[in-house]
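Assemble the whole structure, with the sequences as input and the hints as a guide.
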Amino acid sequence: MKSVEIIKRDYPLISLQFSFSISKYNIHRVDEMIALGDEREIPIAFNVINIIRHYSYGDIDEKGELSATNQEISDAFSRILKAKKNGSHILNSEMYLKHFIGGKKPYRCHARKVFMFVNSNVDIEDCLRLDKPIANLRKVSVKNAMSLPRFQQYLKDTEKCDSCNSPTMIDTSYAWEDWGLLTKSGGISFG
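For the sequence shown, position 33 (counting from the first letter as 1) is numbered 33 according to our numbering, and the numbering increases by one without interruption.
Keep in mind that the hints were calculated from the coordinates and are not lab data. A hint or two may mislead.
Straight-line Cα separation of at most 25 Å, SDA-like style, residue types lysine to any residue; simulated pairs [said to hold, decoys possible]:
id : residue 1 : residue 2
1  : Lys-82    : Ile-49
2  : Lys-160   : Lys-82
3  : Lys-156   : Leu-137
4  : Lys-132   : Lys-104
5  : Lys-98    : Asp-162
6  : Lys-156   : Ser-141
7  : Lys-105   : Leu-91
8  : Lys-84    : Arg-29
9  : Lys-98    : Trp-176
10 : Lys-104   : Ala-175
11 : Lys-105   : Ile-49
12 : Lys-82    : Leu-137
13 : Lys-82    : Gln-17
14 : Lys-113   : His-89
15 : Lys-82    : Lys-156
16 : Lys-2     : Leu-16
17 : Lys-105   : Arg-129
18 : Lys-113   : Ser-141
19 : Lys-104   : Leu-16
Here it is as structure tokens:
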């Protein structure tokens, strides 16, 4: 924590936040994480680790190795939401937290209509087939890559997926379907 204090003191313009990925190894410490953020006056973001990885040859489910149970996640996110409503600086939207309370809800992914992942090889990643990139940006422009039939099909195919657990994917997908969530109480807020 010494580094946090140094940054706050010597570099006050740097925006700090704690970001915690919830797994079976740390879910029992959620209340401590919230208290740490409150004590240090640093905003906190939570996410549930993704457990499904998609490949052209099938999906790999990592749930047993890393993930907390749905009930544990629901209980933890209920406590996080309560802390947020009681004034803790939790960055997650209420909507994201409620998405996991009572069990993860299905959603239609629209995130790929808003942004794309480009890996270190400059490949546009296909999250539904991680081993089969869509295009390499050294060989084709972003504009031309987005015009490829495979990219267009990819956008349609991702709408059938709801395996991601990150706030970025879930909040973006909900906002795509209802832009009003950006201004509604309990919707999506930034910071």
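Given hint Leu-137 paired with Lys-82 - CA-CA distance at most 25 Å | violated (44 Å)
CA of Lys-113 to CA of Ser-141, is that 25 Å or under?
-> holds (17 Å)
If you draw a straight line from the CA of Lys-82 to the CA of Lys-156, is it 25 Å or shorter?
-> violated (36 Å)
Holds or violated: Lys-156 with Ser-141, Cα cutoff 25 Å?
-> OK: Lys-156 and Ser-141 at ~21 Å, within 25 Å.
Is the Cα-Cα distance between Lys-104 and Leu-16 25 Å or less?
-> Violated, at roughly 29 Å.
Would you mind confirming whether the straight-line C-alpha gap from Lys-113 to His-89 stays at or under 25 Å?
-> The hint is violated at about 30 Å.
Pair hint Lys-105 and Leu-91, alpha-carbon separation not exceeding 25 Å | holds (20 Å)
Lys-98 paired with Asp-162 [C-alpha distance capped at 25 Å] | holds (16 Å)
For the pair supplied as a hint, Lys-98 and Trp-176, confirm whether the alpha-carbon distance does not exceed 25 Å.
-> holds (18 Å)
Keeping to a limit of 25 Å between CA atoms, is the pair of Lys-2 and Leu-16 held or broken?
-> holds (14 Å)
Given pair status - Leu-137, Lys-156, alpha carbons within 25 Å = holds (21 Å)
Is Lys-84 close enough to Arg-29, meaning Cα to Cα at most 25 Å?
-> holds (16 Å)
Checked against the numbered hints above, the structure violates hints 2, 4, 12, 14, 15 and 19; every other hint is satisfied.
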